[in-house]
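Trainee: For the protein sequence lines, the chains are A and B, in the order given. Under this note's numbering, the residue at position 317 of the first sequence is numbered 309, and the numbers go up by one with no gaps. Under this note's numbering, the residue at position 341 of the second sequence is numbered 371, and the numbers go up by one with no gaps.
It is possible that part of the hints are untrue.
Cβ-to-Cβ under 8 angstroms is the rule here; a few derived chain A residues that face chain B [said to hold, decoys possible]: (1) 57; (2) 63; (3) 292; (4) 322.
Short derived list, chain B residues pointing at chain A, Cβ under 8 angstroms [to be verified]: (5) 165; (6) 180; (7) 311; (8) 358; (9) 372; (10) 484; (11) 494; (12) 545.
The set of hints was computed from the structure by calculation and includes no laboratory data. Built from N, CA and C at the ideal position, the CB exists for glycine as well.
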Amino acid sequence: MRMTALRVGTLLAGLPVCQSVFADWTVNMTPGVTSVSRDIYGLHMTIFWVCVVIGIVVFGVMFWSIFAHRRSKGYKPANFHEHTWVEILWTIIPFLILVVMAIPATATLLRMYDTKEADIDVKITGYQWKWHYDFLNEKFGYFSNLATPQEEIHNLANKNEHYLLQVDEPLVLPVGKKIRFLVTSSDVIHSWWVPALGVKKDAIPGYINETWAKIDEPGIYRGQCTELCGTNHGFMPIVVKAVPEDEYQGWVQDQVAQAEKLRELTSKDWTKDELIARGEKAYNTTCAACHQPDGSGAPPTFPALKGSPVATGPMEKHLHTVVFGVQGTAMQAFGKQLSEVDLAAIITYERNAWGNNTGDMVTPKQVLDFKQSQQ
Amino acid sequence: MSAVIDTHDTEHAHHGPAKGIRRWLFATNHKDIGTMYLVFSFTMFLLGGSMAMVIRSELFQPGLQIVEPEFFNQMTTMHGLIMVFGAVMPAFVGLANWMIPLMIGAPDMALPRMNNWSFWILPAAFALLVSTLFMDGGAPNFGWTFYAPLSTTYGPPSTTFFIFAIHMMGISSIMGGINVIATILNLRAPGMTLMKMPLFVWTWLITAFLLIAVMPVLAGVVTMMLMDIHFGTSFFNAGGGGDPVLFQHVFWFFGHPEVYIMILPAFGAVSEIIPAFSRKPLFGYASMVYAVGAIALLSFVVWAHHMFTVGMPVAGQLFFMYCTMLIAVPTGVKVFNWVATMFRGSLTFEAPMLFAVAFIILFTIGGFSGLMLAIAPADFQYHDTYFVVAHFHYVLVPGAIFGIFASAYFWLPKWTGHMYDETLAKTHFWMSFIGMNMAFFPMHFLGLAGMPRRIPDYALQFADFNMISSIGAFLFGATQLLFLYIVVKCVRGGEKAPAKPWDGARGLEWTVPSPAPFHTFATPPEVK
Chain A
-7 MRMTALRVGT LLAGLPVCQS VFADWTVNMT PGVTSVSRDI YGLHMTIFWV
43 CVVIGIVVFG VMFWSIFAHR RSKGYKPANF HEHTWVEILW TIIPFLILVV
93 MAIPATATLL RMYDTKEADI DVKITGYQWK WHYDFLNEKF GYFSNLATPQ
143 EEIHNLANKN EHYLLQVDEP LVLPVGKKIR FLVTSSDVIH SWWVPALGVK
193 KDAIPGYINE TWAKIDEPGI YRGQCTELCG TNHGFMPIVV KAVPEDEYQG
243 WVQDQVAQAE KLRELTSKDW TKDELIARGE KAYNTTCAAC HQPDGSGAPP
293 TFPALKGSPV ATGPMEKHLH TVVFGVQGTA MQAFGKQLSE VDLAAIITYE
343 RNAWGNNTGD MVTPKQVLDF KQSQQ
Chain B
31 MSAVIDTHDT EHAHHGPAKG IRRWLFATNH KDIGTMYLVF SFTMFLLGGS
81 MAMVIRSELF QPGLQIVEPE FFNQMTTMHG LIMVFGAVMP AFVGLANWMI
131 PLMIGAPDMA LPRMNNWSFW ILPAAFALLV STLFMDGGAP NFGWTFYAPL
181 STTYGPPSTT FFIFAIHMMG ISSIMGGINV IATILNLRAP GMTLMKMPLF
231 VWTWLITAFL LIAVMPVLAG VVTMMLMDIH FGTSFFNAGG GGDPVLFQHV
281 FWFFGHPEVY IMILPAFGAV SEIIPAFSRK PLFGYASMVY AVGAIALLSF
331 VVWAHHMFTV GMPVAGQLFF MYCTMLIAVP TGVKVFNWVA TMFRGSLTFE
381 APMLFAVAFI ILFTIGGFSG LMLAIAPADF QYHDTYFVVA HFHYVLVPGA
431 IFGIFASAYF WLPKWTGHMY DETLAKTHFW MSFIGMNMAF FPMHFLGLAG
481 MPRRIPDYAL QFADFNMISS IGAFLFGATQ LLFLYIVVKC VRGGEKAPAK
531 PWDGARGLEW TVPSPAPFHT FATPPEVK
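Next comes chain B alone, as it looks inside the complex:
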């Protein structure tokens, strides 16, 4: 193995990146591709976020003020799709590209040209998806879960473009997943056994397997839709002997592991950051790894908890209820381990730590509401209300997104060679924290009081909480422009960062200079 790496080294070590656009268009360097993923993801985050602003503006007061219901539905759909496939997933792939080779002492990703391809598919896919907004009949309007037959028989003509966009995103994700697995399994530095890998690498290894397992299922379900729309089949058309509920089973077989795809890498990143700022090794490393494995396995047998109201047989309801409740056990283990890591540490609270601690607290709150939703009889009252909206925003915003922010601040010095502005970063944190809670906490109350999700207008008793929620959302949204400013400022200059800017951090990535040179670990390091 090392022989191969050596030849690679002599070929490339003497030259740096190509000049101009060619550097990015033909990029095969994991750091460049990682950067492109992160920039793309943040662009999508702002685009999806501005759609959320449209949604929250319309919901600021009862009555229809800003948009028509049809466009409102297009906004909720596109917001969901862009945030899931455009913002969160590419951000984690970007982090994986940057950090996995640095963490395992590899010179690059195992399949660099495929890496280029899997990134460059994404802008094309999202250009296609966003272009549907300008098409006759409008963009997809059936929610990011695109239940048939609303999305087939009753869908707008742009549904076909949506299907192809999903296909392209799926191909990109599968290639990304293969690349991560190939890199981790083949390119680890000598001495780095699996159980010595940083947890971020572990969680990404498991995430990559989830990706490979479920993205083809998503491709399958959209292909069945395509057949129903254009080729006269009736997979999901009851009138032709098909089954609309089949759609939901196939979709959620993809969809539930998908939510873990969006959270497991954040678990990994937080498991790096908490020990670094607690100046104490991660508590229960082995049980952390097993917990992630258990969560991933269980994620394949809980999909129908999204479908408790479709009229499954009671035995099915019970099976999915029990399995779903079980997920609380490994998830609890992770939370306990993080808290035990902090316990009797020597804590400091720089921006990455602030985001990581907020991650633990708020993700746990999202976990609690998840546990409540798992109780099938109670789910009959919660299902498809704002309680669910509150729940998944609590696991995705302070979960996935705070995990990404924590990672970004943690590794920005390594990426740019400069320290970011700590005061601004803390401002970013506190404003995000307040805005996020103000936006999403009242949604619990709204859902319990009876407000269904995905409605453009609501009854008067929901007015006050909606207004508070909208104000929080505007605060959270505006704050993200501050993040953009902080990152740009950090890229352009600032205090010089040492190789290891955080005294409690551990891992191979801190052994290379900051900024990390274009080629690192041309000779693999020795791990003891």
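The shape of chain A in the complex, shown without the other chains:
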């Protein structure tokens, strides 16, 4: 009702509310699809109504004064300025309300912290600006990147329904199982938040935070990074796809098979053109956020690769920079983040794109050898 009034009001005011966009008037927290998220929702509504009632009482008295005790109505002021009993009362009553409020809050908090006896462990690692999901029990993992096209972000194309909340590879989880999330970061602090799961946990370099969820209903649940993590903080969404147990098992088998296929790719004989083609794709998902699609970078934090001494100089130095990163700068060590195939493809691409015509290439096997020689 209230929202209808607001909508009418908006229209009457002639505000240019664009109806083509997928707007709605969600005004409240989602109850979510886990028992924890429902508990949180319950707490939220309880404390909200407590505040509403206190507000009605306090503002009621105040508005009564504003209405009735005006000089313009000839009201003569009283002269009281203290009342011990009243003062004690309005100290104690709020205190008691708070104690009553603290009890369910404590119970919920204890439940949220109970990560014991999980069925599945998923390690979540935040990167600038993407998420990596590791299925620790099944030994596979993958990155999840923003899938919204740049044209939509820059208003060159119509925005789709899930604008900014869509990824290339969602996190697939089974319903009805207790999933433990181990949350960490490889660079700055991120925060992994899916409202429908009632889960928000900071991803902090050097820490592994634990939290958990047991999803009740299959569905697609969307969230975002909620800790400012640099330029593209607004562009690292989270999509969780909750599926029935058997569908999940099928998906796991596919993932394991794919991981195996990737290992085979490493030993394959690659041509330079194949590597450059693969490298361009991998570069755009992994490197372009900082070094830009045209290799121009954003100096001084993110140097240009176009014509850079590293990308046009000795191969050894280039490999070292990409695999081990550069200490004390924003350049991460990509050796563990990317497969040998992608490392080789990206390096080969960087050495042959944007006028960096070195003409040389590096194969996945050579990358593997390089990594092993450095250990």
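With chain A fixed as given, assemble chain B onto it according to the hints.
Mentor: Quick look at chain B alone, frame taken from chain A:
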């Protein structure tokens, strides 16, 4: 004590202010320095506000239209820093400079030359901070909370300038705090015991202690950053054995008392204004003083409620949740006392009263959302969303800023000797009130619906509320130019103000003529 004041008096009473720029550059007079603080603060308010306009313009519609994400982050960072350290804090120091000596019957601040120094550091500090916008790599882009390692390993080169600017602001604040304490404890007129002091003086005394306690902590944390960036230490670098969470603990140990630094003087000012326009003494003076003391003490043990999602042990979560909820008790006492002061008064609604009443209502709404945020499990859903943005803008805009506007209208006649234009002032109030609520109320909905803060672009379901919010923000921003006009008009002329323009006002400041002469209370008044 009075002997010292007497010699001072014979030296200076016979001459007025110096001429030209020297009057301001070498100012030691509390009124001149107060004026400079207020002018500086309003300048910063407009600068920080125009950055907010950039932010709201970009957020007017989904998609990137006006600025790139990198610059957007610089805007949110600079907006926060400038509003906190440049607009709100100096405004209250300006009010303290002007009013504390007048309220306690002192001839000036206790340490006038240090007073000059603590003001003149500020323009230099902010010139340094704002200059980072023009540097290679841009201004600080890590939010006003500058969490490591985003601000250390991953920060732009201008971070070093930001660190020095923070150092200078800190020194200025500490000196200001020392000056306030020295003035209040030593220069009160005979007969003015501590429990007879106006509440504005009380709240500033407590605020000054908070400043002295926490500004060095801020200096410490930025120094640790400086060491990490330039001298190879690893305080906050996990790769070197450091701890990024340590940064947050140290920062918020400063940061939480800081939010009370920004609100307690407003509590004090409102506690002067509400009784004046209710024509009735303040209800529960003693409990007001104790409540402010309790809030200040509790502010030191609640810092980690800003960090409920960092993965603290559950015992820590519970401790900080309980302590945070406790703050609602003394805060509630204050609100109840203000309402009880109004109750059965004889109310009129001039501009200061309008701002003060709006302060009570809207600050209480901000307090309610604060109470909701204190519930740790629920905070997992609220944390770092627009719900938090709504919350702290509700306590800072109608809290701190409306408190400052109320004070300005209340004391403008005393400062300028003229009455301000009441019709324009009421227009200023209503437009600010509408604009502010339109800008910040929808943010509650946005946060609950799942919009994270500090993002330059958002999903489509947030579009309508963002547009409303932006329109409200533009209205609020434009309205502040009206305030500038009202003040300039009042300074230049207008109806002559009597010594006591408000019939219900009490206090020593109304015993001196309007405008207050350059030197007041050369002989201390007697307080009975």
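Trainee: Tell me the hint numbers this structure goes against, listed in increasing order.
Mentor: Violated: hints 5, 12.
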